[in-house]
Amino acid sequence: MSAKIDPILLSVYARTFKSITDEMSISMEQTTRSPILCEAKDYVTGLYDGEGNMLEQTENLPILAFSLAPVCKYIRQYFGDDLHPGDVIFHNDVFSLGNQNNDVAVYKPIFHGGQLVAWTAVKGHQADIGGNVRGGYNPNAVEVWQEALRIPPVKVVEKGKLRKDVWNLIFANIRLDIVQHDMKAEMGACTVGERRLLELLDKYGLESYEAHKQALFEATRKMMEAEIAKIPNGKYSGEGYIYYDGRHEGSKFTIRVDIEVKDKHIKFDYSRTDAQTNGFVNGTFTSSASATILTLLQMVNPDIPHNEGMVQPIEIVIPEGTVLNAAYPKATTFGNHLCPPNADAIQRALSAVMPDRVTAGWNNLLCSLTTGTDPERAEQYVDIGFMGLKGGSGAMLGMDGYDHIGMIDASGGVLDQDYEMFEQQTPHRLLKHELLADSAGAGEWRGGLGVETIFEIGSEDTQLVTFGDGDFEPAFGLFGGKDAGLNFIRLHYPDGSTVVPKNKDLITGVPKGTVYHQVASGGGGYGDPKKRDRKVLAEEIRNGVISKEAAMRDYGMSETELQ
Amino acid sequence: MALKIGIDVGGTFTDFVVTRDGEEPAIFKSLSTPSDPSIAVVNGLTDIAAAQNPPMSLEAFAPTIDTIVHGTTVTTNATLTHTGAKSALLTTEGVRDALEMRRGIREEQYNNRYANVKPLVPRYLRAGIKGRLDRAGREVAPLDLAQVREAIALFKQENVSAVSICFMNSFANPAHEQAAAEIVKKEMPGAYLSVSTDLLPSIRFYERISTTALNSYVGPKLNHYLDQLVGRLKGIGFKGLLLIMQSNGGVISPQLAREKAALTLLSGPAGGPGAGLFYVRPHGQDKCITTDMGGTSFEASVAVGSPMIKNDGEIARHKIALPMLDIHTIGAGGGSIGWLDEGGLLRMGPQSAGADPGPACYGKGGTLPATTDANVVLGYLDPNYFAGGRMKLDVAAARQAIETHIAKPMGLSIEEAAAGMYRVACNNMAQGVREVTIKRGFDPREFPFIPAGGAGPIHSCLICEELEIPFQIVPRESSVLCAFGMLMSELKHDFVRTFVARLEAIDWPRLTKMLDEMSAEGTRQLTEERIPEARRRHDIKFDCRYIKQYHEVSFLVPRALIDKRDVAAIARLFHDEHNRLYGYSLEQENAPIEVINVRVQSVGITDKPSYREEDWAGADAEKAIKGRRNVYIPETKTFREVPVYDGHRMRHGNRIEGPAMIEQETTAIFVSDSFDCVVDALGSFALFRKGREDLCRSGFSPTTATEPSTVSG
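Taken in order, these protein sequences are the chains called A and B. Counting from 1, one number per residue, gives the positions in the first sequence under this note's numbering. Counting from 1, one number per residue, gives the positions in the second sequence under this note's numbering.
No wet-lab data here; the hints were simulated from the structure. Please read all numbers here as calculations on a predicted model, not as lab measurements. Think of the CB as a built atom: it goes at the ideal place given N, C-alpha and C, for glycine as much as any other residue. Hints are not guaranteed to be accurate.
[Said to hold, decoys possible] Calculated lysine-lysine pairs in the DSS-like style (CA-CA distance at most 30 Å, straight line):
| no. | chain 1 | residue 1 | chain 2 | residue 2 |
| --- | --- | --- | --- | --- |
| 1 | A | Lys512 | B | Lys130 |
| 2 | B | Lys408 | A | Lys18 |
| 3 | A | Lys432 | B | Lys156 |
| 4 | A | Lys184 | B | Lys439 |
| 5 | B | Lys86 | A | Lys535 |
| 6 | A | Lys432 | B | Lys130 |
| 7 | B | Lys439 | A | Lys159 |
| 8 | A | Lys530 | B | Lys118 |
| 9 | B | Lys319 | A | Lys18 |
| 10 | A | Lys548 | B | Lys156 |
| 11 | A | Lys184 | B | Lys548 |
| 12 | A | Lys18 | B | Lys637 |
| 13 | B | Lys548 | A | Lys512 |
| 14 | B | Lys408 | A | Lys230 |
| 15 | A | Lys4 | B | Lys408 |
| 16 | A | Lys432 | B | Lys86 |
| 17 | B | Lys439 | A | Lys161 |
| 18 | B | Lys130 | A | Lys548 |
| 19 | A | Lys548 | B | Lys86 |
| 20 | A | Lys203 | B | Lys287 |
| 21 | B | Lys637 | A | Lys203 |
| 22 | A | Lys203 | B | Lys690 |
| 23 | B | Lys310 | A | Lys18 |
| 24 | A | Lys432 | B | Lys548 |
| 25 | B | Lys408 | A | Lys264 |
| 26 | B | Lys541 | B | Lys260 |
| 27 | B | Lys637 | A | Lys4 |
| 28 | A | Lys184 | B | Lys310 |
| 29 | A | Lys155 | B | Lys548 |
| 30 | B | Lys185 | A | Lys432 |
[Claimed, not checked] Here are some chain A residues pointing at chain B (derived, C-beta under 10 Å):
| no. | residue |
| --- | --- |
| 31 | Lys18 |
| 32 | Gln30 |
| 33 | His181 |
| 34 | Glu199 |
| 35 | Met224 |
| 36 | Lys390 |
| 37 | Gly413 |
| 38 | Asn543 |
Starting from the given sequences, assemble the full structure and let the hints guide the process.
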């Protein structure tokens with residue numbers, strides 16, 4: 001490691017790593033077929049060194065991204081010397097550091113001069129992964145086998161040759177053909193990244209790459225340490241709550257985080273968190289640790305590069321057997337969606353010492369998925385209701401929350417369906433999708449507004465799966481800011497009856513003509529609402545996002561001010 | 001002796017290119033006048049008149065101009081600075097917030113201080129109207145005309161100057177929009193009106209409503225500006241043809257530009273890519289990468305036969321789905337400021353010193369180090385010959401800025417720091433070029449590289465080094481390339497209809513009828529623009545995808561294949577284009593193909609300036625040497641004394657070896673140690689990697705076997 005560090009070349013490496021993972025991401029967006037990948041961008045791409053240390057990531061959905069590096073290190077150990085140019089490895093197994101069964105990753109080792117020098121990896125949410133329920137969300141599951149096909153590290157391509165037997169074994173256990181196409185797209189994106197990295201290595205040589213990579217980790221670690229050093233030393237604790245495990249009515253679970261800041265080091269200890277559930281509402285270590293990292297990242301300089309140096313100063317302790325780290329062979333499909341309450345716990349813990357960096361509570365995810373047969377076209381459809389689930393973000397000091405952004409684990413990286421495409425691809429007809437007045441928590445800075453979604457279901461015998469939370473506890477306000485409203489999903493049947501699904505539920509036989517009504521509410525407010533800028537408030541009343549009643553009740557506007 | 005003038009209004013300068021058949025083009029620049037840009041246009045024309053031999057008065061000169069082609073940033077600036085019209089929106093009840101919510105995106109995921117953009121229409125002026133069409137355009141509920149009138153009453157009371165109409169599923173049936181439009185026209189005769197199905201009758205609600213609202217937002221401003229411009233030109237006696245540059249690389253009459261103002265949102269830079277094609281032709285090429293480096297931004301685009309088009313553009317975070325040139329812009333230019341991030345890494349831009357105070361070397365009070373400052377320290381800019389000597393550069397200030405902010409904190413010498421800034425800036429621009437090449441499935445190494453903008457050719461050798469591009473062409477007009485390109489542009493009118501069908505089950509009579517309607521509308525507009533039939537062309541494109549894919553691929557379909565109903569041949573065209581873009585096709589798997597939209601572009605061929613090729617003057621460039629100076633050589637990381645050539649004295653055939661500098665009044669070219677240069681038949685400086693003389697088909701001998709020189713596309 002004697003190569004001299006050229007500070008200019010260092011910038012070139014950093015910029016090029018970023019452009020490599022971006023290019024891999026574009027390749028995924030343009031070639032995948034499942035709407036959850038190409039439309040909602042529920043996938044991530046990454047570049048890792050020979051040992052599996054993160055060089056750079058493109059994180060459309062950050063909750064997936066931070067599990068790539070741990071698995072990469074695991075795979076490196078798992079195969080040891082048995083890694084060769086042309087190998088391609090699949091992995092999804094949550095009990096070897098995967099984050100969610102449906103998030104299936106491809107890893108490709110990269111060799112230069114016969115030496116393993118790097119990895120490219122892509123992970124995307126696949127439309128199906130076997131198990132009992134199409135699409136993977138099975139609220140009745142208690143063990144992993146009821147949820148999914150487990151894929152521990154397996155070579156589907158060895159030394160450039162496709163292992164047809166392995167390929168067929170895997171896809172014989174998955175319902176939809178498009179998953180094969182989309183896994184090919186993941187492999188293609190890994191190859192795109194590999195080519196670019198090899199160009200870089202050919203140009204500057206291995207010695208330079210190794211030395212500069214280390215220097216980059218160092219520089220990034222220093223940036224992260226500088227950010228942590230801004231937080232006063234001490235111990236801070238907070239809680240977040242999970243309502244209902246999908247099986248036991250009235251159940252509630254608490255996430256407890258103890259954060260210890262010591263100079264340039266930060267430790268998140270979840271040891272006091274409640275025990276795991278006997279349902280599918282359980283985290284995996286990597287999904288929970290990703291949630292921790294992405295929440296912290298929103299409180300620091302957004303320009304810090306995402307590489308191994310960034311995570312080095314962060315220590316995360318999550319004992320096995322807690323609701324954030326289920327023990328084998330528990331069901332875990334809901335695990336990614338424990339990010340919102342986990343983020344709540346962290347925001348609450350740090351609010352006292354970082355009042356200028358934390359946000360009030362974000363609207364929690366409540367999502368539905370409808371499947372059925374389009375009567376006019378005699379075609380099956382599957383629709384994940386992205387537009388309905390996106391509520392508001394929490395306000396922060398000096399900044400209102402973001403309207404209709406959605407869950408914190410995507411932070412605006414996942415998009416609504418286009419309305420007209422929605423009506424082409426499902427038999428449903430959209431009646432309303434608008435910002436919901438008064439849904440945001442009041443405050444000197446208000447929370448982001450939530451949305452109201454109403455559509456008429458256009459197929460007979462429709463199946464509806466719900467998964468999420470936020471219908472028991474609203475997004476919380478901070479420093480005098482008010483809480484926001486609650487989420488709900490309601491089904492108004494043509495016969496006049498109303499069904500309110502539980503927040504993790506499977507409803508079958510929904511008839512045509514049923515009106516689906518959903519509210520994803522707002523984010524929490526920050527600071528005393530009475531101090532809100534009156535000019536801004538007047539504008540909001542005029543625009544109908546805050547009612548006159550709420551202006552008087554929550555913001556203390558007088559009758560005369562209202563004139 | 002047709003006299004044509006291309007005029008490109010920029011932020012600092014308004015560029016003019018004057019062409020007469022058989023003469024070398026002349027370049028003029030006048031200072032822009034942002035409050036009324038047409039003043040700068042007249043000022044420039046006055047200068048041009050005075051520069052005629054013998055000098056002429058403006059009034060005598062103006063009637064002799066045959067054609068003016070004009071690119072304007074009026075609409076771009078109104079959008080970027082949020083100073084467009086107060087406009088209102090009629091849309092379907094229940095979806096009035098689509099425009100503001102933008103499908104729920106936040107572009108910076110980790111940045112909780114990143115606010116949403118201000119909507120183009122405030123919420124209280126967005127009226128949701130009862131009435132509904134289903135996905136096939138069948139009426140589910142009639143339009144509530146009383147509600148339309150009520151909304152209009154509010155709009156009038158609020159002194160709204162523009163109204164947009166966009167209803168759900170109108171792409172399949174425009175009846176409701178037309179009914180609402182009739183009422184608006186009657187009740188608000190003075191208002192600027194945009195109807196979504198007139199602008200863009202294609203599926204995707206958010207794209208359509210955003211495009212329509214943008215049109216209303218910029219329409220009144222553009223109209224006002226065109227009033228001023230047309231008035232002034234009339235006032236000085238101009239009687240020729242005035243054409244306006246559109247974002248799609250074509251030109252359009254001022255009347256159509258008024259109606260569809262959003263077509264001009266990328267008017268300024270749209271001349272560049274077409275101009276690039278003109279300059280590569282002597283070398284037997286029909287493709288190129290054109291780049292333009294200005295003060296704050298760097299633009300890159302690709303042309304293959306014709307400039308690349310995209311249908312999903314964005315301006316100031318608003319979607320615009322009208323066809324526009326695929327021009328990628330990044331924040332890198334002469335004014336880009338160098339800085340160290342918290343980890344001590346050197347970064348360049350996107351913050352820019354702009355024109356005022358500008359880089360430290362401008363001596364206007366700037367103290368932060370910019371790209372131009374590095375160029376001065378590295379010897380690429382002669383401090384006494386900047387802008388032809390009209391502006392002296394302050395070397396000491398440049399050195400001071402770099403020392404304080406870069407060199408000292410990094411422990412480098414000033415020269416090392418400047419070299420670092422230069423290199424990082426070039427790396428940034430190279431990444432920008434990757435966006436329009438590799439991202440679109442093109443290998444940049446196969447393309448000639450055209451660097452435009454005053455500072456572009458200083459950086460192009462290193463950019464090409466990064467991308468392994470072996471061949472560059474620097475036109476003599478490179479500092480005003482866009483204005484020049486405008487003179488090369490055709491009249492272009494784009495039409496689109498949504499037509500959802502499986503390729504193998506197309507309703508051919510219905511498709512043909514749709515295509516004929518669009519072509520007829522194109523014919524009507526071209527007739528109004530006085531284009532005779534022999535010079536009209538209607539190009540057809542399909543937007544297709546494999547069944548269940550979400551993104552369509554747009555590709556040209558010859559009319560003959562449609563008339564023969566040759567599904568197999570059309571499918572083959574789609575498979576090939578998909579394979580080129582994304583590296584695979586599903587032809588083997590026999591995956592069904594779906595048509596989503598059909599498009600027609602009606603093209604009217606304009607008269608181009610004919611261009612005289614220079615006589616061959618031999619290889620010897622010795623007499624063009626005007627001096628020698630020390631410049632930085634990136635290949636060896638050392639300074640070396642190199643010859644400085646006067647570009648104005650170099651002639652067709654002159655050959656020089658790198659490293660060397662070539663200077664013109666408005667451009668400096670750095671030929672690095674890896675490149676040599678020869679002047680081609682059009683007078684362009686062709687830079688080729690040492691040993692790759694084979695790339696130049698023009699320059700080494702008097703005879704060149706090429707077509708003379710107009711661009712179609």
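Results for each hint:
no., hint, in the structure
1, A/Lys512 - B/Lys130, "holds, 23 Å"
2, B/Lys408 - A/Lys18, "holds, 28 Å"
3, A/Lys432 - B/Lys156, "holds, 27 Å"
4, A/Lys184 - B/Lys439, "holds, 18 Å"
5, B/Lys86 - A/Lys535, "holds, 19 Å"
6, A/Lys432 - B/Lys130, "holds, 12 Å"
7, B/Lys439 - A/Lys159, "holds, 28 Å"
8, A/Lys530 - B/Lys118, "holds, 24 Å"
9, B/Lys319 - A/Lys18, "holds, 25 Å"
10, A/Lys548 - B/Lys156, "holds, 24 Å"
11, A/Lys184 - B/Lys548, "holds, 16 Å"
12, A/Lys18 - B/Lys637, "holds, 26 Å"
13, B/Lys548 - A/Lys512, "holds, 24 Å"
14, B/Lys408 - A/Lys230, "holds, 26 Å"
15, A/Lys4 - B/Lys408, "holds, 19 Å"
16, A/Lys432 - B/Lys86, "holds, 26 Å"
17, B/Lys439 - A/Lys161, "holds, 27 Å"
18, B/Lys130 - A/Lys548, "holds, 25 Å"
19, A/Lys548 - B/Lys86, "holds, 25 Å"
20, A/Lys203 - B/Lys287, "holds, 27 Å"
21, B/Lys637 - A/Lys203, "holds, 16 Å"
22, A/Lys203 - B/Lys690, "holds, 19 Å"
23, B/Lys310 - A/Lys18, "holds, 24 Å"
24, A/Lys432 - B/Lys548, "holds, 26 Å"
25, B/Lys408 - A/Lys264, "holds, 26 Å"
26, B/Lys541 - B/Lys260, "holds, 21 Å"
27, B/Lys637 - A/Lys4, "holds, 15 Å"
28, A/Lys184 - B/Lys310, "holds, 26 Å"
29, A/Lys155 - B/Lys548, "holds, 29 Å"
30, B/Lys185 - A/Lys432, "holds, 28 Å"
31, Lys18, "holds, 9 Å"
32, Gln30, "holds, 5 Å"
33, His181, "holds, 8 Å"
34, Glu199, "holds, 9 Å"
35, Met224, "holds, 9 Å"
36, Lys390, "holds, 5 Å"
37, Gly413, "holds, 5 Å"
38, Asn543, "holds, 4 Å"
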